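Residue numbers (the working numbering), protein chains in the order written: chain A, 1032 to 1494; chain B, 229 to 683.
I should point out that these hints are in silico values taken from the structure, not numbers from a laboratory. Fair warning: this is a prediction, and the values are worked out from it, not measured in the lab. Possibly wrong hints are sitting among the right ones.
Said to hold, decoys possible - Pulled from the structure, derived: some chain A residues nowhere near chain B, Cβ distances all over 12 Å:
hint, residue
1, Lys1079
2, Arg1112
3, Ile1241
4, Asp1279
5, Ile1283
6, Lys1371
7, Gly1424
8, Pro1491
Stated by the list, open to error - Below are the PhoX-like pairs computed for lysine-lysine, each with C-alpha atoms no more than 25 Å apart in a straight line:
hint, chain 1, residue 1, chain 2, residue 2
9, B, Lys308, A, Lys1106
10, A, Lys1203, A, Lys1225
11, B, Lys588, A, Lys1113
12, A, Lys1311, A, Lys1362
13, A, Lys1414, A, Lys1396
14, A, Lys1346, A, Lys1362
Even for Gly, the Cβ is constructed at its ideal location relative to N, Cα and C.
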Amino acid sequence: MPKVRIGFEVHVQLDTESKLFCRCPTDYEEAEPNENTCPICTGMPGAKPLPPNREALLTALEIAYMLGCKPVIGKQLYFQRKHYDYPDLPSGYQRTSTPIAVDGELDGVRIREIHVEEDPGRWDPSTGRVDYNRSGIPLIEIVTEPDMSSPEEARDFLRRLLQVLRYSGKVKGDGGIRVDANVSVEGGARVEIKNINSIKGVYRALKFEIQRQLNLLKHGKEVRRETRAYREDQGTTVPMRAKETAEDYRYIPDPDIPPFEITEDMWEEAVARAPEPPHKRAERLVEEYGISKEAAEALVTEREWADFFEEVAQKAPDDWEIEFIDQWVRKELKKILNKKELSFREAKIEPEDLIELMKLVREGKVTRQNALNALWEAVDSDKSPVEVIEEEGLLRVSDEEKLAEVVEEVIEENPQAVKDYKSGKEEAIHYLMGQVMRKTRGKADPDVTMKLLRERLGEPGED
Amino acid sequence: MLVEAVEKVSSGREDPKERVHRYLEEIEERDEDINAVTYVNDDAPEEVSDEGRLAGAAILVKANINVEGMPCDCASRTLKGYRAPYDATVVKRLRREGAAILGLANMDEFAAGSSGETSCHGPTDNPRCPGRIPGGSSSGSAAAVAAGFCDAALGTDTGGSIRNPASHCGVVGFKPTYGLVPRQGLIDLAMSFDQIGPIARTVRDAALVLEVIAGPSEEAEGTLRRTEVPRYSELLDPDEVRHLRVGLVEEFLEVSEPEIAEVAKEAAKALESAGAEVEVVSVGRKLVDLALPTYYIINYVEFFSATRRFDGRRYGRRIEHVCGREVLRRIVAGAAISRQEARGKYYERALRARSWIRSKLLEVLEEYDVLIGPTVPKPPHRLGEELTVREMYEYDVLTVIPNLAGCPAGTVPFDTIRVDGDEVPCGVQVIGRPWEDLTVLNAMAALEDAARFEP
């Protein structure tokens, strides 16, 4: 099989309060069409951009840091005008910066550069209407080297990239992405596939496109350098019209925006703000806490989950085994949240609350089942799990005198079971145990109860 | 004069409404022949205030600056019927200081002209020598001030569009340092040169309007410095020339017609008599020769970019379908020059030439506080006379130089010259260092005091 090379240009919206060159809000999904607009983001005659939104630049740098990029410091950077004629583009050009960071790496794929752009509006060809709410929202474009060699590898990379982006907490909405993929097969030219909107789409487009190129080569035909569009409905790629690909964007530095520089201070600020990227964090979790790679990979899929884990691990008493913490944070708590469809960000539970609960479990003061029940109640209420336990009186009863009374009652009420036991049916003692639990609503200490039952009933088959 | 009028209105000695009304009557009576005004704001008397630094002032605004609710067509059929949805920052500032916006001034289409003849509203006449062009592109602004239709007018200057018509019409025009006056609301010609500035009857009036419109806005858009703007009109002092080193630029004289060069030499003598240290200085012929091609290449490319929004989808008609020849020439040339394969050959070289011109000029300005010379190298032609493109562009050769360098520059009417029996006003240009606008204004005030020009 000939060698395949795949690279990406990935566009993602930054989740800033305001747009890149004006103060309009960015929550276009909720707004009425053209509600979040002003003369600047609709390109009205005479409107000039405000200085680039600093928050957007910082956010872009944060993501650059997470992707292992080096900032372009001490060099004059520009916003350039990229000219093209399209109904969604109010000024006839899109502003796009020169690279702000270069030479990164994620999962063995080199990141060539990252730059900042403004999003165009949205044009609905069926009605001819344009909504400029989106116009001017900051985007970053992440450009990779062609370092992937199969659709599967490409898909894994994009998943990881999306994870990093979501992890930053600074990309918009569900972390939707727009991808241009370039793909070449040894012996053929590079083909670009434009505007794919999902990871699944990228995978299907690449599968199709590689097969198409292989078929051409197999029949001795040439793979031409071209730009193709992905047809989502068919899962195929089709050539774009020559006019669309022969476009010359006539880049010029935007004369309305003075050149800017990324300073050491800005970079430091971005680095200080940036969360540790998930792939790095997973490595560290394994090393620092001695959990399995699988456990670490799972925890880092949700930033707040890994945060929660680390906080519990750090605040818990020193003699707790990491397996115990892993069990409760990664498994028990997560299971409950999954069932309730809550994320760690949404869940109303603090690491300290869970530690308190785990202490009771460890000390035998509450049964595991009751601890889980309390946790179930607590994660979406204002009460802590320990408060739930106290309120509902779920603390374990291990007071022998108290339990002896209950044991006495159960023996009196269940003569048949007692008889069965005494006649040699050892299992009957479990039935009696269950009755004690029922009467104490699960709070009875099973060890103490068993001891009392045996004392009271003697060895099975004594009669 | 404006400064005196503001004082009278502020102290209650003159009714602001009445004086604004008088201007409206002047326009009504006399503009039919001049065609300086494209839109009259009949509500202006109601909008004027008796408070503020421009109390009672009636200001005309060039038709490429947004004044909310008024047409904003850049004298082009492209924007026919388009009304400004917001006030430009400079307009907000004029209103805040008590001025009324009297209406809109005629201009060359999209400010791309030097004669005032390319407006879709028809050419403007020169009130000081009827039958000749008023110059451009702020043709209406300069003609209206000369005709006494307003206290002062806003013009815009990309390569001389304030100074050129001010010189031809015998009024004062000032192009501020690039980045001193916010451009928010100014429709683009070439963004890296465009600057809004005043046209007025006296230097002090121009200084007063400038101090109101200048300075960084709350939003800092389109201005380059966040420093406070001095009160130019109060600080203005013609006697300051005693401390100035003035360079009379040899090459500026060489490229000008002899009578015009003579006026500039007289102006230099006048400054010397006023106490300035005056020398003839060379900036090098190369700088003057490079100025026009450099300026026009950048102008074309930026204008091409700026006009992409006029695609016929939102505003009236697609620009290429309805514009005049000069506008179309610039768009077509801009598209050709900015093509990927041609960039290195023209645009990038022009950007390098601009840097060279800027550093060369600033080098000379290290030795001299201001440079002087003719504003326009040749007199205004007769309206309707056919000029080649080259002849038309030659009007700009001396005014584009400060724009290329971002320097402040102004023109003062100093004398008149005889052209084919007509007596034509002739201005002298003063160029200063960036951000030293007051020094330029001081030298202009000294020239004004010594001028032989009688309005």
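Quick rundown of the hints versus the structure:
{"no.": "1", "hint": "Lys1079", "verdict": "violated, 5 Å"}
{"no.": "2", "hint": "Arg1112", "verdict": "violated, 6 Å"}
{"no.": "3", "hint": "Ile1241", "verdict": "holds, 30 Å"}
{"no.": "4", "hint": "Asp1279", "verdict": "violated, 5 Å"}
{"no.": "5", "hint": "Ile1283", "verdict": "violated, 6 Å"}
{"no.": "6", "hint": "Lys1371", "verdict": "holds, 46 Å"}
{"no.": "7", "hint": "Gly1424", "verdict": "holds, 63 Å"}
{"no.": "8", "hint": "Pro1491", "verdict": "holds, 89 Å"}
{"no.": "9", "hint": "B:Lys308 <-> A:Lys1106", "verdict": "violated, 44 Å"}
{"no.": "10", "hint": "A:Lys1203 <-> A:Lys1225", "verdict": "holds, 21 Å"}
{"no.": "11", "hint": "B:Lys588 <-> A:Lys1113", "verdict": "violated, 32 Å"}
{"no.": "12", "hint": "A:Lys1311 <-> A:Lys1362", "verdict": "holds, 22 Å"}
{"no.": "13", "hint": "A:Lys1414 <-> A:Lys1396", "verdict": "holds, 19 Å"}
{"no.": "14", "hint": "A:Lys1346 <-> A:Lys1362", "verdict": "holds, 19 Å"}
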